[in-house]
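Visitor: Here are the chains, one letter per residue:
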Amino acid sequence: GAVVSQHPSRVICKSGTSVKIECRSLDFQATTMFWYRQFPKQSLMLMATSNEGSKATYEQGVEKDKFLINHASLTLSTLTVTSAHPEDSSFYICSAEVSTRQFFGPGTRLTVL
Amino acid sequence: EDQVTQSPEALRLQEGESSSLNCSYTVSGLRGLFWYRQDPGKGPEFLFTLYSAGEEKEKERLKATLTKKESFLHITAPKPEDSATYLCAVPQHGSSNTGKLIFGQGTTLQVKP
Numbered sequence: 333g334a335v336v337s338q339h340p341s342r343v344i345c346k347s348g349t350s351v352k353i354e355c356r357s358l359d360f361q362a363t364t365m366f367w368y369r370q371f372p373k374q375s376l377m378l379m380a381t382s383n384e385g386s387k388a389t390y391e392q393g394v395e396k397d398k399f400l401i402n403h404a405s406l407t408l409s410t411l412t413v414t415s416a417h418p419e420d421s422s423f424y425i426c427s428a429e430v431s432t433r434q435f436f437g438p439g440t441r442l443t444v445l
Numbered sequence: 029e030d031q032v033t034q035s036p037e038a039l040r041l042q043e044g045e046s047s048s049l050n051c052s053y054t055v056s057g058l059r060g061l062f063w064y065r066q067d068p069g070k071g072p073e074f075l076f077t078l079y080s081a082g083e084e085k086e087k088e089r090l091k092a093t094l095t096k097k098e099s100f101l102h103i104t105a106p107k108p109e110d111s112a113t114y115l116c117a118v119p120q121h122g123s124s125n126t127g128k129l130i131f132g133q134g135t136t137l138q139v140k141p
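Order-wise, the sequence lines are chains A and B. Position in the first sequence counted from 1, then plus 332, gives you this note's numbering. Position in the second sequence counted from 1, then plus 28, gives you this note's numbering.
To be clear, the hints were calculated from the coordinates, so they are not data collected in a lab. Where hints are given, some of them may not hold.
[Said to hold, decoys possible] These stretches of chain B come out as covered by chain A in the derived footprint (C-beta under 8 Å, 3 or more residues): (1) 39-53; (2) 68-80.
[To be verified] With beta-carbon atoms standing in for the labels, derived distance ranges: (3) B:Ser80 to A:Ser415: 43 to 51 Å; (4) A:Leu445 to B:Gly82: 46 to 54 Å; (5) B:Phe100 to A:Glu419: 32 to 40 Å; (6) B:Gly44 to A:Ser386: 48 to 56 Å; (7) A:Leu445 to B:Ala81: 44 to 52 Å; (8) A:Thr412 to B:Pro141: 43 to 51 Å; (9) B:Phe100 to A:Lys373: 40 to 48 Å; (10) B:Arg89 to A:His417: 37 to 45 Å; (11) A:Thr414 to B:Lys85: 24 to 32 Å; (12) A:Ser386 to B:Glu88: 36 to 44 Å; (13) B:Asn50 to A:Met377: 18 to 26 Å; (14) B:Ala81 to A:Pro418: 44 to 52 Å.
Where is the CB? At the ideal position from N, CA and C, for every residue including glycine.
Same shape as in the complex, but just chain A (with noise of 0.2 Å):
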């Protein structure tokens, strides 16, 4: 099956600094990636939908500004939180379409002090 890495598995961080976040596809190209934030005990609610090659696409209620989001190549995703804060901890998950299925990341832990 199609395999997403994820980079770093887990980040602590200041409050006020950036963290990036990368997710890959190891065995396929991806035109199209997807990023999901899932908070405790809640399921995975999606923020933006990645294009290789052109800007974001965000979810309604999602800071384009405060998480940037680049796909430079067909196997490579990056989000990027900026000026994190406290309510940005949270679990971050990426994911890619393969034949219609969804193939998803081992998600990132980020917990900001």
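Given chain A's structure and the hints, the job is docking chain B onto it.
Guide: Chain B only, in chain A's frame:
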């Protein structure tokens, strides 16, 4: 508005005690219903896709079924290793791909030996 509701929120079973998880959905023009398994601190793992009412799919001790308004995930003679959160999801109406998923809240299953 597209909506996915899962029940029960939590389920505790003894090993070998079969049961079913429910996923009710309201979406215009269903383009697939997805079941995922999520272990703590991990990304969702794909289980099944169902496309039309009456369809059934099986994998080991799991069987997923679909009607026009809901899906069931039947677990036959579960083992402790089946303990996880089970998520169902449907693609957003109007989305051009299946990656923009609307997730239910999940059912957290605990199987005791």
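Visitor: All hints, please: hold or fail.
Guide: Evaluated hints:
no.	hint	in the structure
1	39-53	violated (count 0)
2	68-80	holds (count 7)
3	B:Ser80 to A:Ser415: 43 to 51 Å	holds, 47 Å
4	A:Leu445 to B:Gly82: 46 to 54 Å	holds, 52 Å
5	B:Phe100 to A:Glu419: 32 to 40 Å	holds, 37 Å
6	B:Gly44 to A:Ser386: 48 to 56 Å	holds, 52 Å
7	A:Leu445 to B:Ala81: 44 to 52 Å	holds, 50 Å
8	A:Thr412 to B:Pro141: 43 to 51 Å	holds, 44 Å
9	B:Phe100 to A:Lys373: 40 to 48 Å	violated, 23 Å
10	B:Arg89 to A:His417: 37 to 45 Å	holds, 43 Å
11	A:Thr414 to B:Lys85: 24 to 32 Å	violated, 42 Å
12	A:Ser386 to B:Glu88: 36 to 44 Å	holds, 41 Å
13	B:Asn50 to A:Met377: 18 to 26 Å	holds, 21 Å
14	B:Ala81 to A:Pro418: 44 to 52 Å	holds, 45 Å
Checked against the numbered hints above, the structure breaks hints 1, 9, 11 and satisfies the rest.
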